[in-house]
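Colleague: Below, each chain spelled out in residue letters.
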Amino acid sequence: MAIHSLPTEASEVLAAPQRDLKGRAFRLIPVALLIVILGVLSAVVPYFLSLNNFISILMQSAALGLMALGLTAVLITGGIDLSIPSLMSFSAVLGAMYMKAGGSPVVASFLMLAVALAGGCVNGLAVAWLKMIPFVVTLSTMAVFSGASIWITNAVSVTGIPRRFITTVMADVGVIPIPVIVFVVMTLLMQLLLTRSLYGRWLYAVGTNIRAARVSGIPTQRVLFGAYVFSGLAAGLAAIITTAWLGTAGGTIGSEGVVLDVVSSAVLGGVSIYGGAGTAVGAFVGTILIKLISNSLNFLQASYYLVLVTKGVVIVAFVAVDSLFRRKS
Amino acid sequence: MSDPFLRMVDVRKRFPGVDALKSVTLEAYAGEAVALIGANGAGKSTLMNVLGGVIAPDGGYIEIDGKRAAFRTPAEASRDGVAFVHQELALMPTLNILDNMLITSFPRRKGLIDYRAGEELCRNALKQLGYDFPLRTRVRDLSPGDQQIVEIARTLLGKSRIVIFDEPTSSLTSREKERLFEIIRIMKSRGTAIIYITHLLDEVFTVCERAVIMRNGAKVAESRIADLTRGQIVEKMIGSQEAVAYFQHHERRPGEVLLTVEHLNREGFLDDVSFTLRSGEVVGLWGLLGSGRTELFRALMGLDPIHRGRIRLHKPGSEVVDLSPQRAHSVMGMLTEDRRTDGLLLPMSIRLNMSIANLKNLLYRGWPFVYRAREESVTREYVKKLNIKSTSIEQRVATLSGGNQQKVVVGRWLQTKPLIFLLDEPTRGLDVEAKAELHAIVANMADAGAAVVIVSSDLDEIMSLSDRYLVMVRGRIVKEYSALATKHELLATASGISAQAEGVG
Amino acid sequence: MPKLRILCSVVSAVLMLTAGQALAAPKPKVIRVGVSYNEKIHSQIQAWTDEMEKFGKAYGQQHNVSFKWIVNVANGDPSTQASNIQDLINQHVDVIVARAEDAAAIGASIDAAHKAHIPFITFDRQSSTVQPDVHVGGDSFAQGITAANAAVELLKKNGVQGKAIELLGDLKDMNAVLRSQAWHQVEAASKAWTTVAQVPTDWKPENFYTGTANALAAHPEANVIFAASDFAFDGVLKALKEANRLAPAGDPRHVWMFTCDVQPQALEPLTKGYIDVAASYEAYAQADALVTVIAELLAGQKVQGTHLVPGRLFTPQNTAAMPAVWSRDYKD
Amino acid sequence: MAAKERFTLGRFLLSYGFVLTLIAIVVLCSIASPAFFTFKNALFILHASAPTMILATGVAFVLMTGKMDISIGSTAYLSAGVGIMLMVHAHMSPLPACLIIFAIGALLGAVNGFIVVVLRVNPLITTLGTFFTFRGLALQITNSLTISIPSDLGEFGSIRVGPFFLDTLIAGVVLAAYHLVHTRTVFGRYVMAVGNGVDVAQKVGVPVDRTTFLTFVLAGLMASVGGVLTMAQVGSISPSLGQGYEFTAIALLVIGGVSLFGGEGTILPGIVLGALTLTIIQSGLNFVGASPFVYPLVRGGIIFVAMYADSLKNAVARKVRLIPE
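Top line first, the protein sequences correspond to chains C, Z, A and S.
So the first sequence is residues 87 to 415, counted in my numbering.
So the second sequence is residues 35 to 539, counted in my numbering.
So the third sequence is residues 1490 to 1821, counted in my numbering.
So the fourth sequence is residues 42 to 366, counted in my numbering.
These are calculated hints, taken from the structure and not from any lab test.
Note that the Cβ used here is the ideal one computed from N, Cα and C, for glycine as well.
Just so you know, not all the hints are guaranteed correct.
Computed Cβ-Cβ distance ranges for the label pairs, DEER-style [as the list claims (entries may be wrong)]:
1) T1760(A) / I64(S): 45 to 53 Å
2) F155(S) / K1820(A): 34 to 42 Å
3) A204(C) / R342(Z): 35 to 43 Å
Below, a list of computed lysine to aspartate or glutamate pairs in the EDC-like style, where the Cα atoms sit at most 16 Å apart [stated by the list, open to error]:
4) K1730(A) / E196(S)
5) K513(Z) / D305(Z)
6) K1518(A) / D1583(A)
7) K521(Z) / D494(Z)
8) K1730(A) / D193(S)
9) K1604(A) / D1583(A)
10) K349(Z) / D305(Z)
11) K193(Z) / E110(Z)
12) K244(S) / E122(Z)
13) K244(S) / E290(Z)
14) K244(S) / D200(Z)
15) K1604(A) / E342(C)
16) K1791(A) / D1622(A)
17) K1604(A) / D1622(A)
18) K521(Z) / D501(Z)
19) K211(Z) / E237(Z)
20) K423(Z) / E467(Z)
21) K161(Z) / E216(Z)
With the hints as extra help, turn the sequences into a complete structure.
Modeller: Written out as structure tokens, the structure reads:
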């Protein structure tokens, strides 16, 4: 009310930047954390500060990161998708079995994408049209997908994947392996879509206030559906990469531990669990951060227990700061 | 008159950026109703929240019956007999009536809730209002009106000696309204002190003995109702004469037919609704709450399914087409009843809020990407047109005043250049100033050739704007009136029929 | 201020560990061994780790080398293990030892190591895809065969026609698979018993208990139990007890039990005579073998592809006297 | 109103649908294996499901307030882990040790509560974090060994009172107590009130924060109780203790009719039926000797169906309220 008197144009100059600053300052925390960890490690760990090592860290993050991107889209709509990793392993298994049976790697890759997309559609339908609670839907589809992949594989990972598939997917472009490129490109692409595209705008609107979005003529159901399909797509890409990376596919590669890692990555990347906020780049940073935390502690010979503890503390602390900021502004 | 039962003395409250209360003193006497009048942001609610223990004051003190009182929680306040009837119902849908009424005051035996005693209490309370619900019904299965009754009945439990009514009639049918006034009379006769907050001035004259008028966090006037005229009140509320213009109505000549609605039917909500809209007219859609006004709007906008009937749009070239739900948004705009839950993207900027319905027209060369520069210029244009008071188009709408928020929603639709404008309670909860501005905008739309349909529970408002009335009862349009219709006719048509109908429902 | 707390916790952790790092400055003739465990939820892993340290020192003094163990643990998740091994590679360790979470997935890591010219040793769990330089471990198949043959002998001797309940292990673990294969191979050959129920345990104690109990209820006639591992055996015993079938050999209610591993929890039932035969799983011997293999491998000596440490046959009679039993030392 | 009428039949089916499913499963299993439908086995099923029932009961209130707790598995493991160390190394006798375990459980719950209520961190995230942290600490403490519990506590696992296992009775008592608290105490009603929306509850004067905090403490406490019972059943504690409990518990509750929207659900019979459904499926499949690998799939399927029913129920509710979307 006090600001009523200010003339519009004049105050724009004043108001806009400072608000931005606040947001930025917060968004920088994970980045700062990242830099600190990197700095310490480079100082302490032999061979850490090497291009190879950084690339391999990115390589290790690729699959997780892609899934985190998928989750981000869903989180922005105010939903959640716990089924991504299990869907990932399910489609990976099918693809792998197809290749084992002599199918061509190319077809197999598309098969994986197709299966994952289909899975995403199941979630999407349930959430958008059957109006089921995302947590509930994806919790149960998680059980179904992982159940299915254990069932068809008898819990034994699928082997006999053609070298050609592996070498092609894992091939380096220059020094950078393809999965890393896919990860980076997907991040940038998604960032562009989120900030600039019609669909991106709709996504945020739906996540902020779905009723208002609907009244404004946004096809909310299609938007919701889209988000889950996208996370399906992400799972599919992750499936291809993981299969090539491990040279096998099985029910284990999408365990519950992974689910929580994916969620942590997105959250550490500043994606709001309440919907309406979050960026692809954020998720990217978050993923690297999660990976680095465990890697660094590996490098530093910390006990495996400390890894878990640190992860937990970081997540909670981070979000605590977040909500602190929220209440401040 | 004896000395005041409630005294709030020199109460002060400061929110970041605003002096919400600058040393306000309020007195309420047992057995009388004092009207607390003021524009939005005048500080009424803040003052009452202090009294209700919802927020703590920075300064000043409260005396009840001569004793100092300081409430840290609503529970404490109600323990000292201060009851609060909130404007938007404070009920818990999944719980039954019993739990809702007793939630903070369960009678207990050996640590366990004594439901037998509880039922007794609730039944009595409801009886006083002349109601007798099955107490185990879940509140979410009650009609909004009944829900309000439950909310009011809650205050009758225990020994509430001061009852605050905050816009109590906003969701009541006229019958329920009458009953409420009766209840208030009973309460007064029992020596309860009533504080009555409202925007609807004639209610003030029916219910209250005294009026306290606030503006910008300060008390600007206090006097007996008998010594006040409506004009004076309005003047004191807004501290200027201009907004009184709000009661004048100006003639309009409607153009050719824009829209015909034929036998529209939605199971349980709309029953064979037919009417036409002409360009350049304002149609008042009058009816009691739950008569299907909102449902009709939603059906027209394609938000709810239509089971039978058709909506036909008359294109300028006199060619007539069926209006598909998808296309509805391209020719219609709708102001929802509750802008916070159905209208605004509160944490987002004015720009994002205003462009959201119009993005398709703001794309970059048909690519599915938003053309930021155009978006900004368009937003600025409408911010100016509607004179939305803001620091920048990037300001978060949550931080705007109610009036400006509503204007943002209006701007959202104006961007889409709609032929038809559906306004559902466009000025609910707005102060007189903002009301006046919105009325101007409405008139303006019609003059520009749009067809405007307006729903309002404020009969004066509807009558000051409409060129024509459609009266709805239980999902049907039962009668159409010209601009010359009288208050009485409208009220009678709307509620007369409903009197027998309600028995059925 | 929570933010501070994160930074502090991370930094302080880092510092502590840095100190440790600094002290262990590289010396000549150091062998940096990267060890990747798939998980750390079974007693023998601790046994291995300690024994490697211990034996490593002793061996080192004789042969004038010193081992530096760089250990990390994956959270029972193949991808994580792959990352962990990648980390080891990036640290340029001299040799990598891995206990695979997934017999198939470990192949990729083996390739990766080889690409970086780091020799790779699979430990305890074999790779089902790519061949490592060396595999060191117990001979699970032999283990199963031994146990099964002992079973044939005993049952024949007592003139029992067996109705067997098989407690499967985690089928992602080659050991579990091999043992099951062994059991069924002998079954087919000897006809000494028929397996009436297969209970998957996934190596989870709960399942040992409920699985056994259900199987006993469903097949009251069952009189033989073959457990792919006797870790978490308390569950099995409880189930038997509740079914009133827990009795030493000779008692008519006795269920003939043949197990693998002789984990800490098996010692007591063995001495009490509940378990008739257990083919042991020599954590110590395996660790020692591993150390030797590593040393020889890096000394450029010829090392054969697989080092399978034979198990010993434990029976109620000989258990008490048996020397060097790791499970004794790791009984909680 | 027409809207309401149309759904009453559906509503009936929804609220009793999974009871029918349950019966169907029982019948099928009984046909497949005569040993299944026996009093003995029924007792065992009750026995086997006791710990999960208690764990789930703990989480029930949290869910009813519309919050979430996925840390119970780790809580169970950490508290039980400390207890076992006390018993094995400090040679503490089981009873005091158990009391300490419960105390720790409650404490860990309080940690969750504190983070949620005071630091205002989203419950899902909070418990996600503590899920990691608690498990890490527990592994540190037990050095992730599989430890046999002292025999006297082991005995406790198979004590019978009459035909019933002791832990079945304990579960019974806990559930009864919870049911009473839920339906007949102010706290129980507060839980439901909070589940209807924090702001409203606050306005009418419900002590929202205290209530929320308490629900988390109780969840922690019950987690530790469940942990002890599991330990006693299995006869040992291993790092796999509590793994996947969080999801099982939630699934179980939803099957039992507790809505994740909050403000919905019952302790009796809801949770019992939910728990039985899952356990019966498990043991049923055991009995009919189905391929071991079909378990997860079947479980997943059942959960999906149940949860779908739940959301339908809420869809109905929303329709009746005439609220769009």
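Colleague: All hints, please: hold or fail.
Modeller: How the hints compare with the structure:
Between T1760(A) and I64(S) the Cβ separation comes to about 47 Å, which falls inside the hinted range of 45 to 53 Å. In this structure the supplied range 34 to 42 Å holds for F155(S) paired with K1820(A), their Cβ-Cβ distance being about 38 Å. Look at A204(C) against R342(Z): about 37 Å separates their beta carbons, and that is inside 35 to 43 Å. Our distance criterion of 16 Å between C-alpha atoms is met by K1730(A) and E196(S), whose separation comes to about 10 Å.
With a CA separation close to 14 Å, the supplied pair K513(Z) and D305(Z) stays within the 16 Å bound. A hinted pair counts as satisfied when its Cα atoms are at most 16 Å apart, and K1518(A) with D1583(A) qualifies at roughly 11 Å. For the suggested pair K521(Z) and D494(Z), the alpha carbons sit about 8 Å apart, so the restraint of at most 16 Å is met. At roughly 14 Å between alpha-carbon atoms, K1730(A) and D193(S) fall within 16 Å of each other, so this suggested pair holds.
Taken as a hint, the K1604(A) and D1583(A) pair is honoured in the structure, with Cα atoms around 13 Å apart against an allowance of 16 Å. Restraint check for K349(Z) and D305(Z): not satisfied, since their Cα atoms lie roughly 27 Å apart, outside the 16 Å limit. Taking the CA atoms of K193(Z) and E110(Z), the gap is near 13 Å; set against the 16 Å cutoff, the hint holds. For the given pair, K244(S) sits about 11 Å from E122(Z) by alpha-carbon distance, which is consistent with the 16 Å threshold.
Annotation: proposed proximity of K244(S) to E290(Z) is violated, straight-line Cα distance about 51 Å (limit 16 Å). Restraint check for K244(S) and D200(Z): the C-alpha separation of about 13 Å stays at or below 16 Å, so the hint holds. With a C-alpha separation of about 31 Å, the suggested pair K1604(A) and E342(C) falls outside the 16 Å cut-off, and the hint is violated. Annotation: proposed proximity of K1791(A) to D1622(A) holds, straight-line Cα distance about 11 Å (limit 16 Å).
Proposed proximity of K1604(A) and D1622(A) is supported: the alpha carbons are some 13 Å apart, at most 16 Å. Of the supplied pair hints, the one linking K521(Z) and D501(Z) holds, its CA atoms being roughly 14 Å apart against a limit of 16 Å. Between K211(Z) and E237(Z) the CA atoms are separated by roughly 10 Å; this keeps the pair inside 16 Å, and the hint holds. Between K423(Z) and E467(Z) the CA atoms are separated by roughly 13 Å; this keeps the pair inside 16 Å, and the hint holds.
A distance of roughly 13 Å separates the Cα atoms of K161(Z) and E216(Z); the hinted pair therefore holds under the 16 Å criterion.
In terms of the numbered hints stated before, the structure departs from hints 10, 13, 15, listed from lowest to highest.
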